[in-house]
Structures are given as structure tokens and as C-alpha cells.
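A.B. asks: First to last, the protein sequences are chains A and B. The numbers in UniProt numbering rise by one with no breaks, and the one at position 211 of the first sequence is 211. The numbers in UniProt numbering rise by one with no breaks, and the one at position 352 of the second sequence is 352.
You can't tell identical chains apart in this list, so a pair holds if it fits in one copy or across any two.
Simulated crosslink set (BS3-like; lysine-lysine; CA at most 30 Å straight-line):
#1 K293 <-> K279
#2 K293 <-> K306
#3 K279 <-> K330
Bear in mind the hints are in silico, worked out from the structure with no lab data behind them.
Number of protein chains: 2
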Amino acid sequence: MAIVAEQPSTSATHSFGPAVALSCRECGERYELGPRFACDFCFGPLEVAYSFGTVTRASIEQGPNNIWRYAALLPVPANVRDLPNMNPGMTPLVRADRLAAELGLRSLHVKDDSGNPTHSFKDRVVAIAVEAARTFGFTTLSCSSTGNLAGAVGAAAARAGFKSCVFIPAGLEEAKVVMAAVYGGRLVAIDGNYDDTNRFCSELIGDDAGQDWGFVNVNLRPYYGEGSKTLAYEIAEQLGWRLPAQIIIPIASGSQLTKIDKGFQELIALGLVEDTPYKIFGAQATGCSPVAKAWENGHDVIQPVKPDTIAKSLAIGNPADGPYVLDICKRTGGAVAHVDDTEIVDAIRLLARTEGVFAETAGGVTTGVLRKLLADGLLDPDAETVVLNTGDGLKTLNAVQGAGVTATIKPSLDAFRAAGLA
Amino acid sequence: MAIVAEQPSTSATHSFGPAVALSCRECGERYELGPRFACDFCFGPLEVAYSFGTVTRASIEQGPNNIWRYAALLPVPANVRDLPNMNPGMTPLVRADRLAAELGLRSLHVKDDSGNPTHSFKDRVVAIAVEAARTFGFTTLSCSSTGNLAGAVGAAAARAGFKSCVFIPAGLEEAKVVMAAVYGGRLVAIDGNYDDTNRFCSELIGDDAGQDWGFVNVNLRPYYGEGSKTLAYEIAEQLGWRLPAQIIIPIASGSQLTKIDKGFQELIALGLVEDTPYKIFGAQATGCSPVAKAWENGHDVIQPVKPDTIAKSLAIGNPADGPYVLDICKRTGGAVAHVDDTEIVDAIRLLARTEGVFAETAGGVTTGVLRKLLADGLLDPDAETVVLNTGDGLKTLNAVQGAGVTATIKPSLDAFRAAGLA
Chain A
1 MAIVAEQPST
11 SATHSFGPAV
21 ALSCRECGER
31 YELGPRFACD
41 FCFGPLEVAY
51 SFGTVTRASI
61 EQGPNNIWRY
71 AALLPVPANV
81 RDLPNMNPGM
91 TPLVRADRLA
101 AELGLRSLHV
111 KDDSGNPTHS
121 FKDRVVAIAV
131 EAARTFGFTT
141 LSCSSTGNLA
151 GAVGAAAARA
161 GFKSCVFIPA
171 GLEEAKVVMA
181 AVYGGRLVAI
191 DGNYDDTNRF
201 CSELIGDDAG
211 QDWGFVNVNL
221 RPYYGEGSKT
231 LAYEIAEQLG
241 WRLPAQIIIP
251 IASGSQLTKI
261 DKGFQELIAL
271 GLVEDTPYKI
281 FGAQATGCSP
291 VAKAWENGHD
301 VIQPVKPDTI
311 AKSLAIGNPA
321 DGPYVLDICK
331 RTGGAVAHVD
341 DTEIVDAIRL
351 LARTEGVFAE
361 TAGGVTTGVL
371 RKLLADGLLD
381 PDAETVVLNT
391 GDGLKTLNAV
401 QGAGVTATIK
411 PSLDAFRAAG
421 LA
Chain B
1 MAIVAEQPST
11 SATHSFGPAV
21 ALSCRECGER
31 YELGPRFACD
41 FCFGPLEVAY
51 SFGTVTRASI
61 EQGPNNIWRY
71 AALLPVPANV
81 RDLPNMNPGM
91 TPLVRADRLA
101 AELGLRSLHV
111 KDDSGNPTHS
121 FKDRVVAIAV
131 EAARTFGFTT
141 LSCSSTGNLA
151 GAVGAAAARA
161 GFKSCVFIPA
171 GLEEAKVVMA
181 AVYGGRLVAI
191 DGNYDDTNRF
201 CSELIGDDAG
211 QDWGFVNVNL
221 RPYYGEGSKT
231 LAYEIAEQLG
241 WRLPAQIIIP
251 IASGSQLTKI
261 DKGFQELIAL
271 GLVEDTPYKI
281 FGAQATGCSP
291 VAKAWENGHD
301 VIQPVKPDTI
311 AKSLAIGNPA
321 DGPYVLDICK
331 RTGGAVAHVD
341 DTEIVDAIRL
351 LARTEGVFAE
361 TAGGVTTGVL
371 RKLLADGLLD
381 PDAETVVLNT
391 GDGLKTLNAV
401 QGAGVTATIK
411 PSLDAFRAAG
421 LA
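Starting from the given sequences, assemble the full structure and let the hints guide the process.
C.D. replies: This is the structure in C-alpha cells:
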């Protein structure tokens, strides 16, 4: 855990708020806050270390109705709420009584992140990266993306006045391509999968062409990743300042899951919630389930795979944070499970039919895994449970292609009756 | 204005909160609160009459972060926040400095209602209709819809445990059809346009087949319409309890515009905002501009048209509230204007490029009309202005079909350079 007991190096108006350093997750080596992401000594990932001031429930509740209510827990300037930013967050925590009843759960909530500005949780991470990019003086925002991030970066760049150049694997869903392109930045498709795209971005970052570019999920990754902590903060606050007993989180790179754990730990350390046990469950699509496979086999290392699933937003075959995910799920008493494409589509429809939430395929993965874990006896049906929907069904329409009109009729009561609709 | 000075007929736990009656907008005849929508005497539309209790800024600000913070101003039960409902509202009021600079405006905000649960303002009106349907004991929710309403009704019915049967004109955008169908209710396409669909629903309501059905925009219309008032409340609250000097609102049936005016008037009457002048401007697509045409020609009556525009959510050729819209725009010193399909698409791209807001075609209409009114000298560039985006670009992807990848390349720096991207 990166809560450190030292003083911030500069005044309260420091551009990174309570953040004091970058520290290596593996060897603990510390670095000045800057656009770097890997340890010079052990190549471990860097993350943000903080020296938090006094943060109370009341101080948070008086904040704006978006992630900036947690500005005192994030690497952002104190005046962040006044800067041009997409201001995501405080998405609904839906009390899912009808879905709970259907599954035989006592208490279930859906954290529905489709309510964010570009309708995925990626707006959270990008919002933090934008502030870092501003501080570092980058002029172009960039990323490698499975689709949702592309839209989030395009929109945020437009709002904040950056140029943008976004890289996606060829063959993404039309809605994600259009949404990434409509903001007017450059959108480059890579002839390959996400892992190829990501590798290319790492090359570009060392090249002259990538000078002055902030790659939100590469050289800005330590800041970017912190955005996912806000999911933990919001869930706890929306539950009435309590931790859920069980939470199901999708795994792409695995970063989100590790940051939600970090967020819960920070809330406990700061005395904002009681230190009650929580179990974290990771969810993958069978067609891209390297972490779930490692879990099943009791391995500590992740064997990369070539993704083949409709859950394209989770299609990262070589998930950087996979080992940390295994640790966290083990430590908290959770598990990692996977569902196939048919189960994903069924789960999308189940969630829509019972709760009026139209989830992206990633939401089908988590809801499907929720159902599977219950069936397998790995979830306690009496414990308070939260399941994440991180994206929007409108972006993965093909998944529910069968959903269409019941009938087409002439505008008359006779036609209505003849079609058997009366 | 329907602020009446009488006492509520029942206690504070009355199912309709501060609402005391329905009253005819034309002749003032009053009716008990019930599932009725037209005056028995003059056939005028009925609207909700209230007896408001004490409502303060503080009492509102202590409420939940959705439209139920205004429950004391709506025909809903006091405990509405605890009932299963989509809980829309409190969508972002985006400070649009970059768009303002590009257009030469001093102060501009975009009220971005794509942040609602099904990504259009329709969630607001349906949320109120659902509560009325619950009180009246209806078992099926229904509507005629140009698309957005269909999704909002489908989702709300699922959340609240109603059956649903929704009617749309054939030929709607794919995203709207899928979104309406995915919640598992019945979705019936009518071989005709929206006005045909609407007429058919009016027939059905008198038929046995429509018994126990709450048509949100027919027999529940007086309640439904009140949901649009929350746009006025939110804009004023989000501006710091002030009315904007100028506001641009899309016109479909015209109901939304009339209710925003009603909302502003209520805030003034209740002393929640200062009584400062505001001008209301109506926006239509040239291909369906009966109200704008009447305005141009100085007519009081609306000549129905056959719609032909990409702005399908505004494609109501015979807008029921057209005459009231003309009155309000005249009274407040506003105007009604229209833009053609090319201008709509340009405006969608302009809004996306400058503010990262991806609007539906209806948002292209309002943004396009904003630009046109400025060019024509009908808007004061120094006055505080708000423009509405009532829907989501993901639902009208075809409008920006040209938006796609800049280039597709192999994952190498050489390919990047060869494509002229460096």
C-alpha cells in the first residue's frame, strides 16, 4: 500500500495535490513525480505514493457531484474542479432487488458506470491522466485502446484543448470507432490485436514522433490508474460509508481490480469506513481468460493468450496486472472465474430485463460470473454484493443482435389483433 | 400557471405529493387526479395543478442527486426516492468555453442530458409517469415513440416491474430499436410515421386491449410532462440559483419547451431564484419545422407537415403544444428557428470537437440553431446562454457516418511514418 507518512514536498497548491512521489510496486524505489511508468532498477510498475491530509466524510460530501469530491485522495491539483475536464463519476449504484430475487441473493447493487460522459469507466482514469498531461506540458493525448478508452481520450482532449492521436486494433465495434473519431482527433487502426497495438505505442513513446505526447495508459499510467480508485470510494460512500462484503470486477489489464482494492484499503486507513472483510472476485470472458486459467491451475504467473471473445473491451491477452489480481483475490478470499460468449449475452439480457440496465459485453461478463459463482457456491447469497457494469450496451449492439421488434403492423386495431398482440 | 393557492386534498403522504388536481390549460376546468389527459368540455390538454409547501434551496440541496431532489415540486409520493425507478437527472451542465470562443459568445453552457440512464431526457418524463402508473394500478407501460422514449419506457418498466408494450414508427435507427427491445418488453413497429403511431395509440387506449395500460404520453401525459420541469430546476440550480438569459430548446411536440418555462416560473414564484428576464428559443429541423414556419409567417396555428429529416427524435409533424410554444417564445422575447440536415451534422461535429459532447441529431439541431441565431443577430452574444442536448450520439451514428479511422497501419514506426502520421 502506497500510503506514506511523509510530508508533501511542496505547498498545498502542488499540482499533484496529496501525491508525493512515484514508487515501484516491486522494489519500493521512489522517484519524483514525472511522466515515467517503470522502475529503472527492476522494471516494476510505478504507482503514486501519497501523504494524505485530513479527509473526512463531511469534507467529501461537500464536494462536487463527480470524482473531484475525492480530489484530496488523488494526484490532482486542489482547484481541479475549475479546470476543463469531463468530470466523470458519481454514477448510479443501482439497488438491484429484482435481479437479486431472480438469482437468490439477499442484497445486490449494480455499480453502473455507463452513466459516465462517454459511457464507460474509462472517463475516470482519463480525467486524472488529463491533469497530469496538463502539468507536464504535453500537447497531444494518446493511448492504445480496445475501444472505450479511445472515446474517452478523444472527448477529454476536445474538452481540455489537447490534440489527440488514438490507436485501436482494427475490427472494433462501429459505435466505438465512430465515438472515437467524432471528436476530431486522429484515430489510427493497427493491423493486429490490442497487445500488438500496445507494443507499438511503447515503441512510439521512445521515438521523436512521440515527443510531447502523453500516452494516458503508458507514460501517464501511474496517474491514470488512480482514477479507478474512485469506483471504490463511490461504492463505499453510496452504500452509506460501508464496504461491500463481495464485489465482482471485470479483468482486462487487471489494473481496475487492483485499484479498487487500493481504494478500499485507503478508506480503511483513513478511518472513513470500518475495517470489515471484503472478497474481490475477478471476471473474464472464456475467450480471453489468462488470469482465470492461472487461478484455476494455481499458478502465480500468467500465460498470455490470443483473445477470441465478443467482450472486446476485456480482450487483453497479456494482462500487465494479472499477478497482482491473483494476489488480491487470494488475500481477500475471492476468486477469478470466466463465462463464455453465450453466457455473456444471456447475462446482458438478464440485467436489462430485471433492472433496466443495458450493459456492454463487459457487464455481461461480470453479471454472468456473478451467476456462475453463485451456482458454484463461491458467493455467499446472504452477503452484501456489488457487481460492476463498466460500459454501455449501445457500444456493443451486435452482442444482442437478436433484439428487435416483436411485430410490424399497420396502424389499426384490426392489425393489432391479427398479429396476436391484443 | 398552475400554482394554486389551495390546500392539498389529503395528507403529506398523498401519492401525488404537492399535486392537488388536473386543470385544463384552455378553460381552467378542474378534475380529480386520475389517468385522464383531455378536458371533457373543451378538449384542451390537462395539466397538473399544485399547492406547494415550503421549498427552500437548502431543502432541495439536501435531496438525492437526481430529479427526486425536486420531489416537493412534482406529482410524486414523498417516499419516491425509495421506490424502484430509473432515478434520472442531475446531468452535467457543461461550461462550454471552447465552443463559446468559437462562436463569439461570452458565456455558454450545454445542458447534456445524454447522461441520463438511457441517455436521453425521456428518462425524466418516464420517471414521473411510472409513479403515476403505479398509483393507478396499471400493469403495462406503453407509449408511442420516435425512439428515445421507447428505450426509456422499456428500461423503466423493467426496473419497476411492469410489463411493457411500446410502439414506434418503422425505420428507426438500429441503436434505438435494439435499446427499446433489449429490456424484454414487446416492441411493435407501425407501418407509418410517428403521427400515425400516435393516432393508433389513442385508438388503442379506448379499446379493451388497452385496459390496464398506462400510455406514458397519452393517458399519463399530464404527469409525464411534468418531468421536463426538472430540466429548468437543474439548470437554475447548477448556475448557482439563477435563470439563464437565453436558452435554446428543441421542439418535437413542444411539451418540453412549455414545461421548462413552467419550471422557471415556479422557481420565481417560490422565491428560489430572482425574477430576471429570460428568452426562450425553439429549435427545429428544417425537414420538420411546422412551428418555425408558423413563427416565420406570424401565424398562431400550426400547419402539420410530413417529416423528412435525420433528426428523427424531433420528427413530429403535428406538434400538440406548438401554439403554446409560439406564445412562450413571443412572451419571453425569443424566437423559433430551424436548421437543415447538413447544418445539423456540422453542429454535432462542432460540439464534439470543441467540448467532447457527442450529441444526438436533436443536439445538432439546438447547437445549429444557436449558431444561426447568433449569425442572424437574434441572440445577444454577451448574455448568459444555455443550449440543450437532449440525447446521445451513439443512438444516431448514421448522422456522422463519415467519422472513422484516419489510417490503418501495421504496428511499426516505419508504417507510422509512411502513412504520414509522424
